[in-house]
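There are 2 protein chains.
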Amino acid sequence: MTDTKLEGAMKGLINSFHKYSTKTEGWDELSLQELTQMIKKEYPTFLSTCALGNPDGFIKGLFDNNKGQNGQVDFKGFMTIMGQITNIYHKRSHNDKTCDDRK
Amino acid sequence: MTDTKLEGAMKGLINSFHKYSTKTEGWDELSLQELTQMIKKEYPTFLSTCALGNPDGFIKGLFDNNKGQNGQVDFKGFMTIMGQITNIYHKRSHNDKTCDDRK
Chain A
9 MTDTKLEGAM KGLINSFHKY STKTEGWDEL SLQELTQMIK KEYPTFLSTC
59 ALGNPDGFIK GLFDNNKGQN GQVDFKGFMT IMGQITNIYH KRSHNDKTCD
109 DRK
Chain B
9 MTDTKLEGAM KGLINSFHKY STKTEGWDEL SLQELTQMIK KEYPTFLSTC
59 ALGNPDGFIK GLFDNNKGQN GQVDFKGFMT IMGQITNIYH KRSHNDKTCD
109 DRK
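So the protein sequences, as listed, match chains A and B. For our numbering, add 8 to where a residue sits in the first sequence, where the first one is 1. For our numbering, add 8 to where a residue sits in the second sequence, where the first one is 1.
Hints listed in this document are in silico derivations from the structure and should not be mistaken for laboratory results. You may find that some hints are simply not true.
As the list makes no split between identical chains, a pair holds if one copy fits it or if it spans any two.
Said to hold, decoys possible - Pairs of lysine-lysine residues, derived as DSS-like cross-links and limited to a Cα-Cα distance of at most 30 angstroms, are as follows: (1) 99 to 13; (2) 27 to 75; (3) 68 to 105; (4) 31 to 99; (5) 31 to 105; (6) 48 to 68; (7) 99 to 75; (8) 31 to 75; (9) 75 to 105.
Use the sequences and the hints to build the structure in full.
Here it is, written out as structure tokens:
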């Protein structure tokens, strides 16, 4: 069975996570450095819109809010961050130009 | 600036949500019927793998766990469901063949 567009998008997210999570130890988790590399590379438009000139601080905020007890972000935490970014884009699709994901 | 692959994937999710959410009233929220239509159409592989022969019941479970006080699923709830599905796919990428998104 061929993947639908959304099934392909989901696999793209998983592949991106693994691409960055395997750069250092903790091969199935992201360090702050790995998350920073990923978001700068994969979400440049989002960062230039919402990071207020401080991309490293903005990404550290996302990281700190979703890291586990071992100080890394696992896939569930990663998906929470992806959800937050997507929620902000959804609001912007309705001309709410804030950059937070509160309702 | 051109969208990256992940920025495009994120917009694809938003467009799919709107495509189904606007079918009936509550134009920025999904009814059970709309969520059912969407998941059956967009995630056929996932359903055939994890719904244990009862796709309607499986989708109703996702819906009931994420609906708001007005009985519909808003975009945040939708992203939680998308996260749950993606978490299960991520586990399966590591040969954990269960269909729940617990760690």
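- [ ] Taking the numbered hints from earlier one at a time, note which ones the structure violates and give those numbers from smallest to largest.
- [x] none
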